[in-house]
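Please take these sequences and the hints and turn them into a complete structure.
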Amino acid sequence: MEKTTGKVVGIISNLVTVHVDGPVAQNEICYITVGGSRLMAEVIKVNGENAFVQVYESTRGLKVGAEVEFEGHMLEVILGPGLLSSNYDGLQNNLATMKGVFLERGEYTSPIDMDKEWEFTPIAKVGEQVIAADWLGEVKEGWLPHKIMVPFAFGGEYKVKSIKESGKYKANETIAVLTDSKGEEHSVTMTQKWPVKVAIGGYREKPRPGRIMETGVRCIDTFNPIAEGGTGFIPGPFGCGKTVLQHAIAKQGEADVIIMAACGERANEVVEIFAEFPELIDPRTGRSLMERTTIICNTSNMPVAAREASVYTAMTIGEYYRAMGLKVLLLADSTSRWAQALREMSNRMEELPGADAFPVDLSAIISGFYARAGIVELNNGKSGSVTFIGTVSPAGGNLKEPVTESTKKAARCFYALSQNRADRKRYPAVDPIDSYSKYLEYPEIIDYLNNRMDKDWVESVNRAKNITLRGKEAFEQINILGDDGVPMEYHLQYWKSELIDFIILQQDAFDSIDCNTPMERQKYMLKKVLEVCDKKVEFENFEECTSYYKNIINIMRQMNYSAFESEEFNKYLGQLNKIIENDK
Amino acid sequence: MTSKAFQRIYTKLEAITKATVSLKAQGVSNDELATVAGRLSQVVKIKGDLVTLQVFAGTEGIPTDAEVLFYGEPPALNVSDELAGRFFNAYGEPIDNGPAVEGERRYIGGPSVNPYKRKQPSQLIPTGIAGIDLNNTLVSGQKIPFFADPDQPYNEVMANVALRADVDKIILGGMGLTNDDYLYFKQKFENAGALNKIISFVNTTEQPAVERLLIPDMALTAAEYFAVDKNEKVLVLLTDMTLYADALSIVSNRMDQIPSKDSMPGSLYSDLAKIYEKAVQLPQGGSITIIAVTTLSDGDITHAIPDNTGYITEGQLYLRTDPDTGKVIVDPFRSLSRLKQLVIGKQTREDHAQVMNTGVRLYADAANAKTKLENGFDLSDYDLRCLQYAKEYSNRLLAIDVNIKIDQMLDTAWELFGKYFKPQELNIKQSLVDKYLKGGIE
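Protein chains in written order, with my numbering: chain A, -18 to 565; chain B, 1016 to 1457.
Since the hints were derived computationally from the structure, they do not count as laboratory data. Note that CB positions come from ideal geometry on N, CA and C, so glycine has one too. You may find that some hints are simply not true.
[Stated by the list, open to error] Residues of chain A placed beyond 10 Å of chain B at every Cβ, according to the derived structure:
1. Trp175
2. Val251
3. Pro264
4. Glu524
5. Glu548
[To be verified] Some chain B residues close to chain A (C-beta under 7 Å, calculated; not the full set):
6. Lys1060
7. Ser1282
8. Ser1285
9. Phe1348
10. Arg1376
11. Ala1379
12. Glu1389
13. Phe1392
In structure tokens, the structure reads:
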């Protein structure tokens, strides 16, 4: 097939107008030649014989008349073994194999090492009928069984004509030959391509989530759990600990595969992941965290257009691993930067703007993206999931802005970071009152939690939430009327909520023990805290009340810092029990 | 800028706006420089053979038959060791009556460092100011602005920090500096005898506002030369980034772009990020640290400029005047150094993290007590102790005139804890309390 070509006729920053000599498709990829290098670009609008393309690189030095070649496909990623523990830019170029210290434009590197040999084991048998996404075989990628599947783009039924025996093969070697209904043969390798903006299908159904994904973060797991295959988002002004919280979830999240999309954020934060993750051990597998992690990194100084692509690249890789029956956790920091990239382009195209100059279809774009997450039942009856948590950076910390509002419609969990809590160094600064998890209302999740934790777990959680809410009301009253101006009951209410705040909600992400609380321990601590709250205690005056609870908070914090059920832990537990006993 | 043989000359302008001129020209490349009637300009838009040029100094008095000369290259700076000790304008031309700098010609605003090739910042930069070293420790390779109202002494603090920091080069990017401030910096650097390690790029209020858009890229191109080619530790000072952003909005407005929040261009985040993200710790030991100033209007940090800055930089330092002591302090509540965890307790004493947190928490309790007092309520014994503590904490640790070593800061904090609080009120790990707390009230 002849490729369509064209010539540059206009340039405004990274929006380039190309006069084309043949057919072009919306979102088609093309390359512009400038000074010996080829700049990748995507068609975003076509008008007559002019295609408007957004260039993923700097257009400095570009001249009218430059040659353009269209590729005949949309932005694609290559899927295959070796994606894990890789570090890609937003267009899936491998950052580790790039040569210089600087990102030279027009330098594109292969995402998958085609020379590496993989130990292949067949699953499908000759003569078997297969359809897209069926498992043909597997290779070991680290400790994960990486399934080699019938390419997602294959429509209809196929028969396995031949399949390679167990052995070592390279990623681009043919490992199976399939025959379609017309008798045509198709060879399949370990890799396949897929356009990032299209969701990967190949599953039987997408049921409602029925279990939670544990994160070891108490204010999430205990107070507002996220479901496996669920969606959540973390909005918050800068300096409220969004990134620290997201990193904690990435380190501790109960998932087989973690994909982190650093979208338009600080490079040093990504460097932190590069530096830390290989050193950290996944508590569930005993392997290095990096082995289960893929990083898609388009930091804020990298080209803006590729920022938009980066979240789609991340989601596509997530869906690929989901089709293998794995649990994938996808984190994107921050979706606001992606929305801003859309705004910059929309602005250059002189489209009529929506609220805050964002494009009018922002809400639809965000919903469409969140909808790609979820738990699925695969054709072979197994299940896989993509759990998605995005951060949002609202302008001025004001949650009434288009990106936050659009995301609120799409995501089921809302973890609002509060400036007020951050100012008082109460981390994680997730506001216990504004935040919610819709999953806590799902009957199947309630059943799951009550089975997994305790028979009246969800009721206990709601009781703790109620104490927090009443504590806030009491605090406001005390502030208005003064310590002496309110009945003792208000002080009790306030201090009970402080107890829950300090012991359950606050968590030290930088302490080796406190940073990660397993569910058993969360169960124990919530029970203990509620036990203290339920104790009937009498005080002469509010100062007595204050010092009583301060003392308990101090002891229980020491418990949080000690290994669960260790000698030290039990020592503090003894002190605590003594105080509670004495009240009788 | 010297004339070159291959320059193309045009003499017919098609259109003139306040900031741009358009003309028909051939073979022009994007971002290329030109002069229009002798004024430096840059290509910002090409449509067929119609080229739009942004004239940095404005288009006042430019006739339609003005002479336009294209340079065939984007803005550039000659880099070499000769840069040290020199003062330049926004175009990289000497303003200190010295000779032009010989060296390799580098385009400014070049590509960014591959994030995979960066190193994690790990070297503490001590400043002697406890509000910074104790609560918001700086690390080489970091980017951090001062958020300050225009009446606060941010340039003085920044100059002090720069001169006390242990770095090989200090590069000043002055945007919209008043002539007085420019002379202040010049004199301060001369008096410190440090002129040979300082390079300045200065745009004063007397010069056209749009010119200052070149300043950060000029300063950072020089910084990259010393950090990447020479493996040196470079500190870049950018003041005032609010005036830089204002210039961006002027340009975008004159280019008929749809403004987003606070009449800033929609690309403000990317524009600022491109500058700040040049801060880097390189694998060969060189580093670029950026300390900037973002002036606020009436302390409003929700304005688009400080807001976008806050999302890009690794923390921010707020200056404010403490009414109790009358001193300018580094506000412990809103200030933050995101990289401090990388050095706290590693290059400083083990008790640093907990002392820092407790110190600030008790200061917050004092603020609550103050609110109670203002509302006319009785204060508890604890409240009164907090208030006394806050005054001394502010005076001896938060004030910007403090200049002591970090261990002394920690000792001072423990001294205050012991003077005003019971050990169980500190919420500090018992082992640290046992080791460092002297005294403590009953």
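The hints, checked one at a time:
no.	hint	in the structure
1	Trp175	holds, 24 Å
2	Val251	violated, 5 Å
3	Pro264	holds, 21 Å
4	Glu524	violated, 6 Å
5	Glu548	holds, 14 Å
6	Lys1060	holds, 5 Å
7	Ser1282	holds, 5 Å
8	Ser1285	holds, 5 Å
9	Phe1348	holds, 5 Å
10	Arg1376	holds, 6 Å
11	Ala1379	holds, 5 Å
12	Glu1389	violated, 11 Å
13	Phe1392	holds, 4 Å
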